[in-house]
Amino acid sequence: MMETWRYIKEWDKLVSTAYGLSVDDTLPYSIHEENSPPILHLYRFKPSVIVGKYQDIRAALKIDRCRERGIEYNRRSTGGGTVIMGEKTVALGFGISMKHPKMNGGIRGIFDILGGVIINSLRKFGISASFRPKNDIEVNGRKIAGLSASTEVGDALLFHTSLLIDFDIPLMLDIMNTPAEKIYDKGYSCFSERMTTMEKELGRKIEVQEVMEAVKESFKETFDINFIEDHLTQTEKGRVEWFIKKRYTCEEWIFSKRHPKFKMGEGLLKTPGGLLQVYISLAGELIESLMITGDFFSTSANINKIESALKFVPADRRDIENTLGSMWKENLIYGIDTSMLTSAILKAKENCG
Amino acid sequence: MGVFEGFNMPDELYYHTEHSWAKVENGKVRVGMSDFFQQEAGNVVYVDLPDEGDEIEQGEVCGKIQTRKWIGKLVAPVSGEIVEINEEVNDDNTIINKDPYGKGWVLVIEASNLDEELGNLIHGDKVSEWIRSEVKRAEELKAKGQEGKE
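As given, the protein sequences belong to chains A and B, one line each in that order.
Counting in UniProt numbering, the first sequence runs without a single skipped number right up to 353 at its last residue.
Counting in UniProt numbering, the second sequence runs without a single skipped number right up to 150 at its last residue.
Just chain B, with the same shape it has in the complex (with noise of 0.2 Å):
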């Protein structure tokens, strides 16, 4: 498990730097959204995901998510088809923000080349690292708006 500067980022799991998950299930890739993202992201609106089926390589856009501020995409952390997804995130909108690990997961993969591109993902102990750097990122920004504001 890992929290790191309040986001709950468990550091089994693989991340890509847009804030999709990967947990390797059995040779398949189960996807979501990371804490990270629902928590800066807000709450989610609307799901627009891809068909079962569709054939995806790692970083390319594979579904849109909207909150209320945002259209975010959600990036494929691995290449390969697209085995199920999960109808029930637009049946109850709130799952992704409430459960992002557990019943707000997004899609299934059944992998084309997963142990070259694990390693592209960030895992372990670079989770916290990634995380914190992110934060600052956000913090800068943030403050940078604030300016503008002043």
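Just chain A, with the same shape it has in the complex (with noise of 0.2 Å):
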């Protein structure tokens, strides 16, 4: 007989960070404690900015022009970097046990068979998207939409995705710290080559609810699988009311120092295929994120590639060079090779503060 799932939809209004970052949290409970069957919840935050559990959120976000702008900003409880989400992007929160005999327990593959219910979800509206390991969505090279998982309780693991139907760059370049910063005035095109929208593939606008159901669709589909509509039981309501006050109200949670050591830097190298600028920021002794620009010739597609192959590589030549000889072809960058991109790399490493 087919499984019964259920879907917890809040798509006709948005809701507070603390609110449905709470629901969320409260899923695994009931999948471990309860014995709920997989629970969906689909809906949409109020405008604002969300970073990961071991985020430091003092380096990444410019909190007073948060404040000053009304938008809201939190912590998550599950990994990944900062995420901007308002009334056009879909957060999707799923809990499930490991155990399921539909995931099949292990750590390996867990992000592809739920990424694939993303790119399903995307091809129902003909846009055509892979899976970048290890953790994004992207389209042609440019990211769509982010991954993100951890296991609190028992075996019930956790999975947020945020979605991206549409997409306010100058905000995000006006609330986020980014390795980028000194080069603002370049920022935009910097970050409208490096992500995308359901909108912008398009070229027309898309109602939120439409989304919503695909997604819906594309999990059943993916796991053979019906949805019931409901709602949160007496009992998740007073778990969602004990996550709000104890959890995503709470200074120390939101502010929290548990986080590796962040800096950023710049490094400038001339080369023989031109200019080449890398802005880094790390992670104690990982690469965070990492931003290549320069007057060399390539693509957006191939640069995209390669900064999205060092994130959270160790910022050491022999690391870095593996990684990069591992996915190099020739003139992937015209005229700068893997040892060239490397040395830039470490200057900006060097010049961290």
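Everything labelled a hint here was simulated from the structure, so no lab data went into it.
Each hint should be verified, as a subset may be incorrect.
Listed next, the stretches of chain A that the computed footprint assigns to chain B, with coverage defined by at least 3 CB atoms under 8 Å from CB atoms of chain B [as the list claims (entries may be wrong)]:
hint : region
1    : 258-266
2    : 278-287
3    : 308-315
Result set (EDC-like, lysine to aspartate or glutamate): computed pairs, CA atoms no more than 20 Å apart in a straight line [stated by the list, open to error]:
hint : chain 1 : residue 1 : chain 2 : residue 2
4    : A       : Lys349    : A       : Asp337
5    : B       : Lys98     : A       : Glu285
6    : A       : Lys88     : A       : Glu10
7    : A       : Lys237    : A       : Glu33
8    : B       : Lys103    : A       : Asp316
9    : A       : Lys257    : B       : Asp48
10   : A       : Lys263    : B       : Asp91
11   : A       : Lys205    : A       : Glu87
12   : A       : Lys99     : B       : Glu60
13   : B       : Lys103    : A       : Glu87
14   : A       : Lys261    : B       : Glu87
15   : A       : Lys62     : A       : Asp168
16   : B       : Lys98     : A       : Asp319
17   : A       : Lys261    : B       : Glu60
Idealized CB from N, CA, C, for every residue including glycine.
Two chains, two frames, some hints: make the complex.
Printed below as a string of structure tokens:
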């Protein structure tokens, strides 16, 4: 018999970060403690910016600008980087047991299977997306959705996705600290070359409800299940209240100091292929994000591929060269080789302050 | 020593099914994450460590490990009091990946019920069988993910 999973839809209102994140955090508890079937929660946030569990929020955001503009900020319980949320971004929370027969346990593949659900949703609109290891969905080299996950209780998994229907790049540049801060005038093109949205891909407006429906259908097809539209139980509502009070309105949580040391720097290198500019942010000894610009010849897709491959790679010559070596093709960047690019990255690391 | 399916899993260590390892040292137990974990989960970004003095039970989550794609659990392989933690894993967040059984250890437990609890862990000849089943399970899931994308 076909399984029935729970579907909690909140498309007709914009929720606070404290409420939306608290509902998501209750999902794994319902799975683990109430033996609930898997739960899909689709919703939208008020204009807000949300950092990953172990990010340094003060380093990632311009808190004062967020306050001035009335943009909520908060910290989610899953990993990954900063996301800007709002009325044209679909927020997805999904709770399931890792031991569920449809998931089959294990770490490898969770993002493949759940990323596949998002790719299939986009296909319904005629958008051909692909999975960019290890936690992004992209269209022609531009990011359209971000994925993150955690296991907080027992074997229950919480999976998060933000899917961009439309996106406000100037807002992002105004409230986030980015490695490209010093090239603010180029900031817009830097990001518009690295991200896309459903509306940009299709050249028309899309209703949020259409997208949520497509995501729901994609879950049904991927897992061969039915959904029942559901509401939170009394127990779940109690837990949501607890998370709002003890976690998402709590300064200690939002401004948590449990994170790696965060640093940013810039490296410049003259090469036969042109000037190479690298902007880097480090989380401890790892590259958290990287932006490569300059007056060399390459394509946005190639640059995005390189930047993505280097995310969370240790910032030392051997690891960077190994990573670049495993993906490099001739003329990926015309006139620049892996050794030159590595040197520029290491210069940026040296300049981190 | 044991290398199974490309994973270095020394069979003199004791493993919890959640991939923490335990090494008995004069009644105390040094704990870290296995090579299988670090290869599968990717580079470790941050380790949310417990405090020294905390009492933990076998199988209890006593820390969180964030990798690029995942926040995983550090599950206590034995019960007891945490008597030492390795702060260096956050000063240099690459050492769990580079040296999971050496510099990348995470904590030391003063075990309270060691003899009985070691029997609940995977050890010796059973390690290779366990890793093979883990790899098979992971491959099946991966294949399912590929189907979803076609």
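| query | At a Cβ distance under 8 Å, does chain B reach at least three residues of the region 258-266 of chain A? | reply | holds (count 3)
| said: With the threshold set at 20 Å, check whether the alpha-carbon distance from B:Lys103 to A:Glu87 stays at or below it. | reply: Not OK: B:Lys103 and A:Glu87 at ~47 Å, beyond 20 Å, violated.
| Taking 20 Å as the top limit, are the C-alpha atoms of B:Lys98 and A:Glu285 close enough? | Distance ~12 Å between B:Lys98 and A:Glu285 Cα, so the pair holds.
| said: Hint check: A:Lys261 vs B:Glu87, CA-CA at most 20 Å. Holds or violated? | reply: holds, 13 Å
| Does the alpha-carbon distance linking A:Lys263 and B:Asp91 stay inside the 20 Å limit? | holds, 13 Å
| task | Tell me if chain B covers the region 308-315 of chain A under the three-residue, 8 Å CB rule, please? | result | n = 4 at 8 Å, threshold three: holds.
| 20 Å Cα cutoff - pair A:Lys99, B:Glu60 | holds, 17 Å
| message | For a C-alpha distance cap of 20 Å, please report whether A:Lys349 and A:Asp337 respect it. | response | holds, 19 Å
| Given the hint that A:Lys257 pairs with B:Asp48, does the C-alpha gap stay at or below 20 Å? | holds, 11 Å
| query | Does B:Glu60 lie within 20 Å of A:Lys261 when you go C-alpha to C-alpha? | reply | Given that 20 Å is the threshold and the Cα spacing comes to 28 Å, the pair is violated.
| message | Please verify whether B:Lys103 and A:Asp316 have alpha carbons no more than 20 Å apart. | response | holds, 18 Å
| Has the given pair, B:Lys98 with A:Asp319, been kept, meaning a C-alpha gap of at most 20 Å? | Distance of about 11 Å is within 20 Å: holds.
Hints 13, 17, counting from the list given before, are not met by this structure.
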